[in-house]
Amino acid sequence: MSKFLNKSRVFQSFTPILCKIEALNPINWKHGIPRDKTDFSSIARFISKIENNNLKFTKIKNKHKINITSITGAPGVGKSSVLNELINISLNKGKSVAVLMLDPRSSISGGSFLGDRLRLNLDYPAKGVFLRSAAFSQSNLEDSIKIKSILNLFRYLEFEDIYLEAIGADQNNLNFKKFADVVVSIPNNLNEDWVQVLKSDNLDLADIFFVNKNDIQSTEAAIQAVMLKNSLSPDQMTSKKVLLGSARNKQGILELYDEIHNITGEKNVN
Amino acid sequence: MLIETKRNSKKILLGKLGLDGHDRGIKIIINYLRVSGYQVIYSGLHRSSRQIVDLAIQEDVDAIGISILSGSQMEHVSNLIEQMKSNDLDQIPLFIGGVIRSEEVIALKNLGVLEVFGYGIPVKDIIEWIDNVLLN
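Chain order of the listed sequences is A and B. Going by numbering that gives the first Met the number 0, the first residue of the first sequence is number 0, and it counts up by one from there. Going by numbering that gives the first Met the number 0, the first residue of the second sequence is number 0, and it counts up by one from there.
Hint data in this document are derived by calculation from the structure and do not stem from the laboratory. Careful: at least some of the hints might be erroneous.
Unchecked claim - What follows is a list of derived Cβ distance ranges for each label pair:
{"hint": "1", "chain 1": "A", "residue 1": "I222", "chain 2": "B", "residue 2": "V34", "range": "38 to 44 Å"}
{"hint": "2", "chain 1": "A", "residue 1": "N52", "chain 2": "B", "residue 2": "G111", "range": "25 to 31 Å"}
{"hint": "3", "chain 1": "A", "residue 1": "R247", "chain 2": "B", "residue 2": "N131", "range": "44 to 50 Å"}
{"hint": "4", "chain 1": "B", "residue 1": "I105", "chain 2": "A", "residue 2": "R247", "range": "34 to 40 Å"}
{"hint": "5", "chain 1": "A", "residue 1": "A125", "chain 2": "B", "residue 2": "S77", "range": "19 to 25 Å"}
{"hint": "6", "chain 1": "B", "residue 1": "N131", "chain 2": "A", "residue 2": "S106", "range": "22 to 28 Å"}
{"hint": "7", "chain 1": "B", "residue 1": "L113", "chain 2": "A", "residue 2": "S41", "range": "23 to 29 Å"}
{"hint": "8", "chain 1": "B", "residue 1": "V34", "chain 2": "A", "residue 2": "N139", "range": "16 to 22 Å"}
{"hint": "9", "chain 1": "A", "residue 1": "G127", "chain 2": "B", "residue 2": "K84", "range": "19 to 25 Å"}
{"hint": "10", "chain 1": "A", "residue 1": "Q250", "chain 2": "B", "residue 2": "E74", "range": "37 to 43 Å"}
{"hint": "11", "chain 1": "B", "residue 1": "E3", "chain 2": "A", "residue 2": "Q195", "range": "30 to 36 Å"}
{"hint": "12", "chain 1": "B", "residue 1": "P121", "chain 2": "A", "residue 2": "N51", "range": "39 to 45 Å"}
To be verified - A few chain B residues that don't get close to chain A, going by computed Cβ distances all over 10 Å:
{"hint": "13", "residue": "E74"}
{"hint": "14", "residue": "S101"}
{"hint": "15", "residue": "G117"}
{"hint": "16", "residue": "Y118"}
Don't be surprised by glycine CBs; every beta carbon is placed ideally from N, CA and C.
Using the sequences and the hints given, assemble the complete structure.
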C-alpha cells in the first residue's frame, strides 16, 4: 500500500511540468525536494543537505526566465545596503525573492562568520523573502558546486528575483559570472588610481557598475564614474552601464533594478 | 592547507534579545567559534524572539546561543522557547550566556535551556560544551 502511495505521489509531481524532471538527478527525489516556495523550513533543511551531503542539484529549465543577479565589490562599499534596497523594490513589484549571501571561510580553521544579514531589513523573512547565508572559499571547488546547486534549487522553486551577494573581493571577482546572469559591481570610490581600475577584472566581468555613496562622497563618486566610463572599450561601452546613486538615500536604485531587467530582456511591468 | 573538520558543517546562531546593547562578550564568542572552525551567524542587537526564530528556520542552525546582560532573561527566554516550540525547533540545543543569578539558572534550565554560562567562565569551556553537544 505504501509503495503504491509513493508511486502515485511521484506520478502527480511528474505530470504538470515534464521538462523539470528530465534534467533532475533521480537520486534527488529520495532526499525530499521542497515543492512550495513559501515552506521555508523544508527549503532550509534541503539546502543543509546540499551543503553537508554534497548533493548536486543540476540546472533545470524553467517556464519563465529567471534572473540571478550577483552583487560584487570590495568590503565596505555598500553591497548589502544596495541589496537591501533592491529586495525592497522587488517586494513592491510583488515578486517572490530569494537571496544567497556569501561570506569568506577562514583558510586556516574552515570556520566562518556569516554577517551579511545584519545589514538587511529585519522584517524580510516575515514578508516572504527567503534569505540564506553560506560560507565560501575561493580555493575550494566543492563550495562552488554547492553554491550552484543552491541557486539551481531557487530556480527550480521559481523565485522570481534571485540575488547572490558575493564576498568582498575587488580585483579578482573570480567566477561569480558563472553563477549569475547579471553581475553588478560596486566600485570603491576612494580608489582614485586609474591603474587599479584598468587592472581590475571587474571591467570584463561586470555588466553594470553602480557607483554608490553619491550622497557623502559625491565628488569621489563622480570621478569614479567618469574613470570607469573612460576605461571601457567601444564594445564594452554599448554593453555595460555605469550608474551613479546612493543606497542610503534610495537614489538610483530603481534605475539599477530596471537596468538589471533590461539586460536580461525582461519587460518591466509598472 | 585547509583540512575539513566536523565543526565546519555546524552552524551556530548567536543572538541578543530585547533592549540590551552589551555585545562585547558575544563578539568574543563569535570570533572564538569562528577560529575553532564553526560557522557562526549573529543576529545583531535588539532582536525579538520572533526574528531569532525566523533566522533559525531559514538558516537551519544546529544550536542557538543567546547573550543577555539586561536582567530580563526570564521573560525573553520563556518567550523564545514558546516560539521555538510552536515552530518545531525545540530539539535545537539552546544555551544562554550573561550575568544570571543562580536561582534563575535553575528556572531557565527547567524552561528547556540546556546550559547557562555565567560570569567568568573560560571561553574554552563553552567550546568544549558545544563540541560535546553537537559532535558526539
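Hint-by-hint comparison with the structure:
1. A:I222 <-> B:V34: 38 to 44 Å: Holds, since I222 of chain A and V34 of chain B (Cβ atoms, about 39 Å apart) stay within the stated range.
2. A:N52 <-> B:G111: 25 to 31 Å: Once the Cβ atoms are compared, 29 Å apart, the range 25 to 31 Å for G111 of chain B and N52 of chain A holds.
3. A:R247 <-> B:N131: 44 to 50 Å: holds (45 Å)
4. B:I105 <-> A:R247: 34 to 40 Å: violated (47 Å)
5. A:A125 <-> B:S77: 19 to 25 Å: holds (22 Å)
6. B:N131 <-> A:S106: 22 to 28 Å: holds (27 Å)
7. B:L113 <-> A:S41: 23 to 29 Å: holds (25 Å)
8. B:V34 <-> A:N139: 16 to 22 Å: At roughly 18 Å between Cβ atoms, N139 of chain A and V34 of chain B fall inside 16 to 22 Å, so the hint holds.
9. A:G127 <-> B:K84: 19 to 25 Å: holds (23 Å)
10. A:Q250 <-> B:E74: 37 to 43 Å: With a Cβ separation near 42 Å, Q250 of chain A and E74 of chain B satisfy 37 to 43 Å, so the hint holds.
11. B:E3 <-> A:Q195: 30 to 36 Å: holds (35 Å)
12. B:P121 <-> A:N51: 39 to 45 Å: Given range 39 to 45 Å: violated, Cβ gap about 30 Å.
13. E74: With a cut-off of 10 Å, E74 of chain B remains clear of chain A, as the shortest Cβ separation is near 20 Å.
14. S101: At about 32 Å from chain A, S101 of chain B clears the 10 Å cut-off, so the statement holds.
15. G117: The assertion about G117 of chain B holds, with a minimum of 25 Å to chain A.
16. Y118: Answer for Y118 of chain B: holds, closest chain A Cβ roughly 25 Å.
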